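2 protein chains.
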Amino acid sequence: MKRIFLRTAYDGTAYCGSQIQPELPTVEGTLANVLSELSDENVLLTGASRTDAGVHAYGNVYVFDTKLSIPPDRFKYAINTKLPPDIRVVESMEVPADFHPRHSVINKTYEYHIDDGFIELPFKERYSAHVRQKLDIEAMNEAAVLFIGEHDFTSFCSAKTEKEDHVRIIYNLNVTASSPSVYDNRDIVISITGNGFLYNMVRIIAGTLAEVGKGKIKPAEISEILSARDRTKAGPTLPPNGLFLLKIRYEDFEK
Amino acid sequence: MKRIFLRTAYDGTAYCGSQIQPELPTVEGTLANVLSELSDENVLLTGASRTDAGVHAYGNVYVFDTKLSIPPDRFKYAINTKLPPDIRVVESMEVPADFHPRHSVINKTYEYHIDDGFIELPFKERYSAHVRQKLDIEAMNEAAVLFIGEHDFTSFCSAKTEKEDHVRIIYNLNVTASSPSVYDNRDIVISITGNGFLYNMVRIIAGTLAEVGKGKIKPAEISEILSARDRTKAGPTLPPNGLFLLKIRYEDFEK
Numbered sequence: 480m481k482r483i484f485l486r487t488a489y490d491g492t493a494y495c496g497s498q499i500q501p502e503l504p505t506v507e508g509t510l511a512n513v514l515s516e517l518s519d520e521n522v523l524l525t526g527a528s529r530t531d532a533g534v535h536a537y538g539n540v541y542v543f544d545t546k547l548s549i550p551p552d553r554f555k556y557a558i559n560t561k562l563p564p565d566i567r568v569v570e571s572m573e574v575p576a577d578f579h580p581r582h583s584v585i586n587k588t589y590e591y592h593i594d595d596g597f598i599e600l601p602f603k604e605r606y607s608a609h610v611r612q613k614l615d616i617e618a619m620n621e622a623a624v625l626f627i628g629e630h631d632f633t634s635f636c637s638a639k640t641e642k643e644d645h646v647r648i649i650y651n652l653n654v655t656a657s658s659p660s661v662y663d664n665r666d667i668v669i670s671i672t673g674n675g676f677l678y679n680m681v682r683i684i685a686g687t688l689a690e691v692g693k694g695k696i697k698p699a700e701i702s703e704i705l706s707a708r709d710r711t712k713a714g715p716t717l718p719p720n721g722l723f724l725l726k727i728r729y730e731d732f733e734k
Numbered sequence: 480m481k482r483i484f485l486r487t488a489y490d491g492t493a494y495c496g497s498q499i500q501p502e503l504p505t506v507e508g509t510l511a512n513v514l515s516e517l518s519d520e521n522v523l524l525t526g527a528s529r530t531d532a533g534v535h536a537y538g539n540v541y542v543f544d545t546k547l548s549i550p551p552d553r554f555k556y557a558i559n560t561k562l563p564p565d566i567r568v569v570e571s572m573e574v575p576a577d578f579h580p581r582h583s584v585i586n587k588t589y590e591y592h593i594d595d596g597f598i599e600l601p602f603k604e605r606y607s608a609h610v611r612q613k614l615d616i617e618a619m620n621e622a623a624v625l626f627i628g629e630h631d632f633t634s635f636c637s638a639k640t641e642k643e644d645h646v647r648i649i650y651n652l653n654v655t656a657s658s659p660s661v662y663d664n665r666d667i668v669i670s671i672t673g674n675g676f677l678y679n680m681v682r683i684i685a686g687t688l689a690e691v692g693k694g695k696i697k698p699a700e701i702s703e704i705l706s707a708r709d710r711t712k713a714g715p716t717l718p719p720n721g722l723f724l725l726k727i728r729y730e731d732f733e734k
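Those protein sequence lines, which keep their order, are chains F and P. Per our numbering, residue 480 is the first one in the first sequence, and the count goes up by one each step. Per our numbering, residue 480 is the first one in the second sequence, and the count goes up by one each step.
Hints are computed from structural coordinates only; laboratory data are not their basis. Be aware that one or more of the hints could be misleading.
One copy or two, it doesn't matter: identical chains are merged, so the pair holds either way.
Stated by the list, open to error - Cross-link-like lysine to aspartate or glutamate pairs, in silico, EDC-like; alpha carbons within 20 angstroms at most:
#: 1; residue 1: K642; residue 2: D531
#: 2; residue 1: K697; residue 2: D709
#: 3; residue 1: K561; residue 2: D544
#: 4; residue 1: K613; residue 2: E690
#: 5; residue 1: K561; residue 2: E604
#: 6; residue 1: K613; residue 2: E570
#: 7; residue 1: K726; residue 2: D663
#: 8; residue 1: K712; residue 2: E604
Every value quoted in this text rests on a predicted model; they were computed, and no experiment measured them.
Using the sequences plus the hints, can you model the full thing?
Following this line, the structure appears as structure tokens:
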């Protein structure tokens, strides 16, 4: 028996989230079908991170046990030939039998993309939120640094969260904007790295930074919103399509 | 009666090309349906440039005549509210009654996108061709400059072309590559501006430059391929999904 680690990239548009659900298209369900077909038995996967419907990933992680004799780094090819093009295994390797994808995580990085063009371009629709107002990137970065460090993120998580401990560490948070090419559309990227994230946390931080970019919240108010521990003090939850789970880093095999 | 000019951006994935065809989804057909609904009569559009199934545009141009009293620059809003999100009118204005979108064109600019990552990412699939080999961008640019100027492009057009005159002027052709972000995937952009393009010309030039990038064609061979006036001497026609019609520039109202 070998334990195989899969790093997967997917376009979440067509899926009801990453986690398996009966009768619904999910990333995990699609991977499980392919693996069950390959190994002629019912394969169970364990995922590192639940992503909501419409959320994308460059590197979500799944682990499974198998008796298949395929060399571990060749699994990606075997699986990719049977996957639809909106899911790709980008890395496959063997990990120790006690490896769990939700343990020994050093940090996770997400990106949230916003397009502030006057008219939303068709190419951006799947992959960014649209804000019809030019955002002040400098003000957004002034606000962003106030999130860095250890904080109670109760104001920045959905009331639906099941987690009791709302303290997380943000290692890095910054905002960049590409130069507009054909029209005034910019790709504004909010990049965030932390030791863990609460339900909807990145989308609420992005929604709050967008309000700062519009001038509706002042950068200095971020500290007050954090201390308030009250979800109603922060900005709105931006839609799922702008969110990308970029990378999950693990102890041992990550530099 | 007013003549209205529409600059349109579209994701060509779901359409059987730009030009209207009975019973098939097309960009022109979709626009014509919306305009006919708005004006309660059968509206005919004249397009500037035919794009094939799967080809995208940031700025293809359509013109139509109307008795509607909507201010010309407001047409874009009226139309966009009724269009699917994969087509957007980005500019609308009144033009003289004798304006024709295929006349008085100064030049057109296209972009062709290639991803040379080891594994194609799901986000690139609709918008670039995938080449599983690292391309030599410097060699591609050495080849690109040899296309600039007035040439007979018989070697670089589909044998299906109906045009007899194959002489065109290329004003600019260059190749850039973005830095890879999460994996080794780069966005390689072939940007080309000319006074006119033959059938499949950009896709064949892109296919030939990709062969140069792989080392299969030497940059200096471009001049021989041009002189040969023989389609079989050039590289393959790359797929439609990497192609974007960026902009059409007109006399009079373009700087």
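Hint by hint, here is what the structure shows:
1. K642 - D531: Within one copy only: 17 angstroms inside a chain, 51 angstroms across chains, cut-off 20 angstroms.
2. K697 - D709: within (17 angstroms within a copy, 64 angstroms between copies)
3. K561 - D544: within (19 angstroms within a copy, 50 angstroms between copies)
4. K613 - E690: within (11 angstroms within a copy, 42 angstroms between copies)
5. K561 - E604: between (27 angstroms within a copy, 16 angstroms between copies)
6. K613 - E570: Answer is between: at 19 angstroms across copies they meet the 20 angstroms cutoff, but 38 angstroms inside does not.
7. K726 - D663: Answer is between; shortest inter-copy Cα gap is 14 angstroms, intra-copy 30 angstroms.
8. K712 - E604: neither (28 angstroms within a copy, 40 angstroms between copies)
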